[in-house]
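Each protein sequence line maps, in turn, to chains F and E.
If you're matching positions, the first sequence starts at 13 in my numbering and goes up one per residue.
If you're matching positions, the second sequence starts at 13 in my numbering and goes up one per residue.
Hints are supplied without guarantee of correctness; some may be wrong.
[To be verified] Calculated pairs, EDC-like style, for lysine to aspartate or glutamate (alpha carbon to alpha carbon, straight line, at most 16 Å):
no.	chain 1	residue 1	chain 2	residue 2
1	E	Lys263	F	Asp61
2	E	Lys263	E	Glu206
3	E	Lys78	E	Glu125
4	E	Lys164	E	Glu125
5	F	Lys78	F	Asp61
6	E	Lys78	F	Asp81
7	F	Lys263	E	Glu125
8	E	Lys263	F	Asp81
9	F	Lys120	E	Glu225
[What the hints assert, rightly or not] If you want the ones that stay clear, here's a sample from chain E, every Cβ over 12 Å from chain F, calculated:
no.	residue
10	Glu140
11	Leu158
12	Pro179
13	Leu261
[As the list claims (entries may be wrong)] Using C-beta positions, here's what the derived DEER-type ranges look like:
no.	chain 1	residue 1	chain 2	residue 2	range
14	F	Ala108	E	Arg151	32 to 42 Å
15	E	Asp81	F	Gly204	18 to 28 Å
16	E	Arg151	F	Gly116	43 to 53 Å
17	F	Gly116	E	Ala227	39 to 49 Å
18	E	Ala227	F	Lys164	20 to 30 Å
19	E	Asp42	F	Gly204	21 to 31 Å
20	F	Glu223	E	Val193	42 to 52 Å
21	E	Ser212	F	Asp118	14 to 24 Å
22	E	Thr239	F	Val193	34 to 44 Å
23	F	Arg151	E	Ser50	55 to 65 Å
24	E	Thr90	F	Arg142	32 to 42 Å
25	E	Pro216	F	Glu206	31 to 41 Å
Just so you know, these hints were derived from the structure itself, not from any lab.
In this text the structure is predicted, and so the values were computed from the model without any measurement.
Ideal Cβ placement from N, Cα and C applies to all residues, glycine included.
There are 2 protein chains.
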Amino acid sequence: MRELPETSIVNNRMSSRRFSSRPLYLQTRDAIAERISSGEWKQHTTIPDEGELARELGVSPSTMRKALDLAEAERLLTRHQGGGRFVSDPLSDKHAERYSCIRGRDGKRLGGEVKVLSLLETTVNEREVRRLRLRLRERVHRVRRLRLTGGKPYMLEDIVMPTKLFPRLATHFDASQRLSVLAQQYGVSLGGGEERVTASGVAPDVADALEVEPATTVMRLDRVIYTLEGKPAVWRLGQCPIVGGRHYLAKLTRPD
Amino acid sequence: MRELPETSIVNNRMSSRRFSSRPLYLQTRDAIAERISSGEWKQHTTIPDEGELARELGVSPSTMRKALDLAEAERLLTRHQGGGRFVSDPLSDKHAERYSCIRGRDGKRLGGEVKVLSLLETTVNEREVRRLRLRLRERVHRVRRLRLTGGKPYMLEDIVMPTKLFPRLATHFDASQRLSVLAQQYGVSLGGGEERVTASGVAPDVADALEVEPATTVMRLDRVIYTLEGKPAVWRLGQCPIVGGRHYLAKLTRPD
DNA sequence: AAGTGGTCTAGACCACTCA
DNA sequence: GAGTGGTCTAGACCACTTG
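Make the full structure from the sequences, and use the hints.
Structure follows, in structure tokens:
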């Protein structure tokens, strides 16, 4: 087929294929990702089988499999032998586990509610420009919210999200939701992130919100999360009193 | 070939193959790992090409490639198109970056020397049994060492390593080396790990070793590193004064 | 120019899941 | 039992590196 581009174009739906030097299996992965982010394939539902997809996109079964395996490595899909492939849910507990680094004495994450203290849209300041790699005069949402466990506050979060990626956050969305949920609603695929952890004394207003003594030591969690494409998507500064076996759990993995 | 096991055995050197239900490409990966850990293939040298290896081990080129790709994903090998495949060096800066989580204000890791304060072999205590999943009465090495940067101490490390994995540590090896270097000398492949981070006041003897005031706050880094096979290999408790923009850097990755 | 990995294809048979 | 992914094979041609 590849030697006969004319028929190849007729036989498959990836019409841009012959104009691109991007490997076919990557283009195929992109087509898969596109179907997910466009909502054509919903979370938790099975997708067509390998052969069917290969025919649809006009690639060989082996190439389709390579693309599917890649999408799986990128956590877009999961597999069950004999069952089929599923669109994986970025909101699953497994994913939440990964980003909930504050743990109790038992090593489990602290569940509970989230209370939004304030939410406004403004122009970026200098620190935000640096951390989120934005341009001057871009707009951002600033959210301050409080995480509670057993009705008691355990973390104050100051969150900054570019308006470009998350438009109409204040009026159309629920800022108390998990960031991964929000990102999904916006069609933003979150990839990795980096977090700087330190401990320090607590500012008076923060002590107030967290309902602790002004002399308390808190962990400061300065986190930037990137999209799958590598663009900074969220900057979050978390502050969390260190009490009762509470700790930060970091998973060490081999480097990329 | 697979339909004729008699000739298959003659044609390949993975003689245990037909007795195992482990997939062939995994057995092939194991054979690759074995050649590295046995020292048959040295760090930084090229290995035979795909076709050659496939013939040597009596598997198809595609299966060999799948095994090689897997070994690469596991960081055992690297690749250069047209160049060949190389045994990768677990001691490279890239790997060191990943496990050096304490960073200065500039985000760079703190380089310097390591001073061994004490080293002894004893029987495990209760905490060690739990953290390293050992049995009672097993033996371990305990190493206390001090990390210095610019001649000044910045971290005190208490390290526990099972004697079973690291025999004759005291007499035949240099305990001031990086743990990854030690592990490599023992043929132990380190995989991932987990680290619990908290902050607390400092014990008098620790304050002494770190040359700080007894009232100083330190980060406590409680880390267990596992082998590639998932067995606990090292437990390290690090203590590090929080001063001058120093912080703990955690990389957030998507879950497995 | 020779040799290596990179991509792509085609098709076989097995193991598991599900109706 | 039909359908899915899991494994394994065989071989083509391309792109890059190296001598």
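Right, here's what the structure says about each hint:
no.	hint	verdict
1	E:Lys263 <-> F:Asp61	violated (35 Å)
2	E:Lys263 <-> E:Glu206	holds (12 Å)
3	E:Lys78 <-> E:Glu125	violated (41 Å)
4	E:Lys164 <-> E:Glu125	holds (10 Å)
5	F:Lys78 <-> F:Asp61	holds (13 Å)
6	E:Lys78 <-> F:Asp81	holds (12 Å)
7	F:Lys263 <-> E:Glu125	violated (26 Å)
8	E:Lys263 <-> F:Asp81	violated (24 Å)
9	F:Lys120 <-> E:Glu225	violated (34 Å)
10	Glu140	holds (18 Å)
11	Leu158	holds (21 Å)
12	Pro179	holds (25 Å)
13	Leu261	violated (6 Å)
14	F:Ala108 <-> E:Arg151: 32 to 42 Å	holds (40 Å)
15	E:Asp81 <-> F:Gly204: 18 to 28 Å	holds (22 Å)
16	E:Arg151 <-> F:Gly116: 43 to 53 Å	violated (33 Å)
17	F:Gly116 <-> E:Ala227: 39 to 49 Å	violated (27 Å)
18	E:Ala227 <-> F:Lys164: 20 to 30 Å	holds (28 Å)
19	E:Asp42 <-> F:Gly204: 21 to 31 Å	holds (30 Å)
20	F:Glu223 <-> E:Val193: 42 to 52 Å	holds (47 Å)
21	E:Ser212 <-> F:Asp118: 14 to 24 Å	holds (19 Å)
22	E:Thr239 <-> F:Val193: 34 to 44 Å	holds (36 Å)
23	F:Arg151 <-> E:Ser50: 55 to 65 Å	holds (59 Å)
24	E:Thr90 <-> F:Arg142: 32 to 42 Å	holds (33 Å)
25	E:Pro216 <-> F:Glu206: 31 to 41 Å	holds (35 Å)
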